[in-house]
Amino acid sequence: MGERYLQEKHVLVVGGGIGGITAALELASCGVRVTMLEGGPSIGGRMIQLDKTFPTLDCSSCTLTPKMVEVALHPRIELMTLAKPMGIERNGKGFSVSIQKRPRFVDMKKCTACGACSGACVMKGRLSDEFNLRLSKRAAIYIPFPQAVPQKYLVDGDGCLFVSRGKCKKACVEACETRAINFDEKEEIIESYYDAIVLAPGFDLYDATEKREYGYGSLEGVMTGIEFERICSVTGPTGGEMVINGKTPKRFYFIQCVGSRDRQTGARFCSRVCCMYTAKHATIVRDRVKDAEIYVSYIDVRAYGKNYEEFYKSTQEGGTYYIRGIPGDITQGEKGLLVRVEDMLSGELREIEADLVVLATGVRPRKDTAELCNLLKVDRDEYGFIRTDSIAPSRTSTKGVFVCGMASGPKDVPDTVASGGEAASRCLEYIGEQ
Amino acid sequence: MLEQTVSRVLTCIQCGKCTGSCPESGKTPFNIRMLVRKQQFQSAIDEAIPWYCTSCGACTLRCPRDVKPSEVIIDIRSLLVEDGQIPLAVQKALENTFTQKNPWGRSRAKRAAWTENLDFEIRHVSETAEKRLLFVCCIQAYDPRCMVIPANVARILNQGGVEFGILGEEEACCGNEIRRIGEAGLVEELQEENKGNLQEYGVKEIIALSPHCMNALKKEYGDMGIKVSHYTEVVWDLINSGALAISKPFEKKVIYHDPCFLGKQNGIFDAPRNILGAIPGVTPLEFSRARETSLCCEGGGGRMFFEVETIYQRNAEVRVLEAIAKGADLIATACPFCVMTLEDPATEKGQVVRELSEILMEVL
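From first to last, the protein sequence lines stand for chains A and B.
Read in order, the letters of the first sequence are residues 1 to 434 in our numbering.
Read in order, the letters of the second sequence are residues 1001 to 1364 in our numbering.
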């Protein structure tokens, strides 16, 4: 197959996380035209929310941001944010797709991301910031995070007084020197033909409020791993300071397998990332809170990847107590949270006091994956992950539709990158067949 | 293919969630995880150990592999029952239940004695129009401390205009505790007898007074096509719909103790709290371990019928001490077993325990 032949081909990548980004860049570098759809206002996915990645402790956004920018600048990649497929019809070997594009209310050609609009917004500091898991507040016109791609502001229609109620003094419009704000912008439907589709919708995390015995949502000082990740991050709500409710915790308790390997929550599978992200969290705490007391409750530590076992060992060496035993419950004690756990290797039942308990919540298919799969008639497994061919792990039950990343099952960052490459090469194989 | 219970036990990954949840593990020689481990290999188990389990159900509700540790205990107990290697008091309770259909061995003919001082007549369920049965429970039919509860609830339902009847001396023990002691044969007999009566009299609805009876009738009798509720659910509906008016205030700080069989095992947390909340003057307080994490009073799993070693601090005492520390005027609960176990240390320490119906009788 010649490069010219591939240049006539057009692939749709659904999802702008590290999996979708990898697939898109690889396809584009082979000469294929790519359209990337991202449901949110910026690409970057879950990985861009992480402070560091295990086991190397590389800064997550330092690794990912250049790739995000590459997507934005690549001449053969068209990026559409706030967009999702609405209807998909088989058309020959390819697909006719109608894409719904929600209004941004900001002209991307004019916005310079100066931020004046956000500063002027009357809702400033009053709306929950999704990127920081609602741990901080933002305005109705905002940029999701400093490294967002595209580097453009947007209006949150639900939070904006003018969009939702039709009444606001529109201070943002006055503040914007380039007159980029356009409240007349409407939802668009775009119809297009694609030769193949790569699905990279990503994942959700287990809703820890279901585990009533751990008091998430009702006890102060119980949070999830992804929330803790934002606390650690310099772009997070505390600017990377280890401060929770105004104080630096001293006693940290990490609980693994919350909503993984768990029939009570319908997830019999291992989420594959929690053991290592917990070790990473413990290592970060050790580094930033010198006198911290750190406990990790585990069932088995699954350190299967390259340098993972070594990372686990160095976490222990740093002074983290690993307790084999999963706590029964957490309650409020007089001097902190009380974690009831059997240290089964010593046979002792302990009540350990903690200032902060971090729940290593497991992985779930994204809620909208079902809808996406129904459009494409793609099979899913009993958990809702996209079913794949065991010998071609990006191939789905529908010809010409490929998948990468967590959508087909739990994967860490290196495995997701590998799966993005695998999806790109299967896709090339498909569109290259003559 | 292995027998289902055997393979279920083999899937235990020894994560310790059960031990961390258990109200007995740690303070007593009982270790639920260890017993499951021993059961995997059919290793010898000290015959005194399985009797500590209170059947609170926390282990089974939380076990990630669905091993059902509290059911494993029942399996172990049933082998001991078969071999006759059981505490004398347990033996006695089983014999009593066999002969008099109640574990205390009180005369079956006196099962409706609690109705004697009522100023209205309670009919046999067969004579009612709506075929709604008030299931009384053994301890509330006979124990002098608890006999007041059915009488109270009968008055409350009467006042709320709810038609109901009873089975009187035909009511047999529900078998909830007997099943947890491990005497499956006797449970079957009790169930057959009760089911026969329910069917014969065309019972359409059961209001259970004890959460233990409610649990058995709801979950362990098979599908009878009969709606089973706890009386607090019915009473809350009456208050909420305006059919039952609260006329007096109750100026007390009340701390509510969730019974395991009502709360964690059957998800009824709000009805009793709603009732308390509807009484003017009540300041509701909460235990640090409330709702799903409520600390078991140690009255379940047959523990009402025999004493285990008393060298360990009773959970009831932990509860009473917290209630006092929080400044509660009284502990309210909605289970006869909880009333009995809590009242013991409470009386000693000058704390008051009230079954919800007792509070209601003061305000209606």
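Take the hints with a grain of salt, since some may be wrong.
Within a straight-line C-alpha distance of at most 27 angstroms, the following computed DSSO-like cross-link-like pairs (lysine-lysine) qualify [claimed, not checked]:
hint	chain 1	residue 1	chain 2	residue 2
1	A	LYS335	B	LYS1253
2	B	LYS1027	B	LYS1131
3	A	LYS367	A	LYS101
4	B	LYS1131	A	LYS335
If we take Cβ atoms under 7 angstroms as the criterion, some of the chain B residues that face chain A in the derived model are [said to hold, decoys possible]:
hint	residue
5	THR1011
6	ILE1013
7	SER1021
8	SER1025
9	PRO1029
10	ASP1066
11	PRO1087
12	ALA1089
13	ALA1112
14	GLU1121
15	ARG1123
16	HIS1124
17	ARG1289
18	THR1293
19	PHE1306
FYI, nobody ran anything at the bench for these hints, they're computed from the structure.
The beta carbon of each residue, even a glycine, is placed where N, CA and C say it ideally should be.
Hint check against the structure, violated hint numbers in rising order: 2, 4, 5, 9, 11, 12, 13, 14, 15, 16, 19
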